[in-house]
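Engineer: Sequence:
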Amino acid sequence: MRTLSLIGVLTATLSFGAEVPRQSPEFVINYPSGEKQLLSKTRGKVVLVEFLYTTCSHCQHAAGVLSKYQADYGPRGFQAIGIGFNEMSNMLVPDFIRDFKPTFPVGWANREPVMVYLGMSPEERFVVPQLVLIDRKGVIRAQSTPLDSAAMQDEKFMRAKIEELLTGTTPPRQPSSAVKSPAAAAPRASAAAGKPSTTK
5 MRTLSLIGVL TATLSFGAEV PRQSPEFVIN YPSGEKQLLS KTRGKVVLVE
55 FLYTTCSHCQ HAAGVLSKYQ ADYGPRGFQA IGIGFNEMSN MLVPDFIRDF
105 KPTFPVGWAN REPVMVYLGM SPEERFVVPQ LVLIDRKGVI RAQSTPLDSA
155 AMQDEKFMRA KIEELLTGTT PPRQPSSAVK SPAAAAPRAS AAAGKPSTTK
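In our numbering, the protein residues as written are 5 to 204.
Think of the hints as simulated: they come from the structure by calculation, not from any bench.
Cβ-Cβ distance ranges computed for the label pairs, FRET-style:
#1 E128 / D76: 28 to 36 angstroms
#2 K72 / E127: 31 to 39 angstroms
#3 R80 / K160: 13 to 21 angstroms
#4 E116 / D76: 31 to 39 angstroms
#5 T173 / E91: 35 to 43 angstroms
#6 K72 / Q41: 18 to 26 angstroms
#7 Q41 / V143: 13 to 21 angstroms
In silico DSSO-like pairs for lysine-lysine, Cα to Cα no more than 30 angstroms straight-line:
#8 K141 / K160
#9 K49 / K141
#10 K160 / K49
#11 K72 / K160
#12 K40 / K141
Quantities reported herein were computed from a predicted structural model and do not represent experimental measurements.
Glycine included, each C-beta is placed from N, C-alpha and C at the ideal position.
Work out the full structure: start from the sequences and follow the hints.
Structural biologist: What follows is the structure, given as structure tokens:
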């Protein structure tokens, strides 16, 4: 019963914020090599995108978890992607890759297109990392809320969601109703106008 209760809380958390499910907007990822790649190039795979601050300890930890997902699910059509969007991320992403050795590609983008992609106002407060889970058809099936990414960082829950999308057992696409979730107890980093701080 406790497990079912936890899943219920997490599901409610994922349905508050930008509408889910929805078609993933196009997005340009810049890589340290100078290459630019469209997010839509991953169509046909189950994709988990981590929008991160390279200097955020929670983002660094999440990258380690995504590396595990990549190792476990990559052969079945899963792809993790990291996108740094803190100030000077174009210069900081190479150091992030060197220090934390993610087993998936990590690029960077400016803050404004990230806010547009996530469906958030440029002045809105938010926590990092922000995570987005996309199915094989390019539909966003789960997304962090602006002030709560704990649900998307719950490994047991996320593995179940990834498995669901890989096996093609996703429910029919229907707009979700906005449900406000309880505050999560997990520590996380927040940002307002691009300035990270710790919240509890």
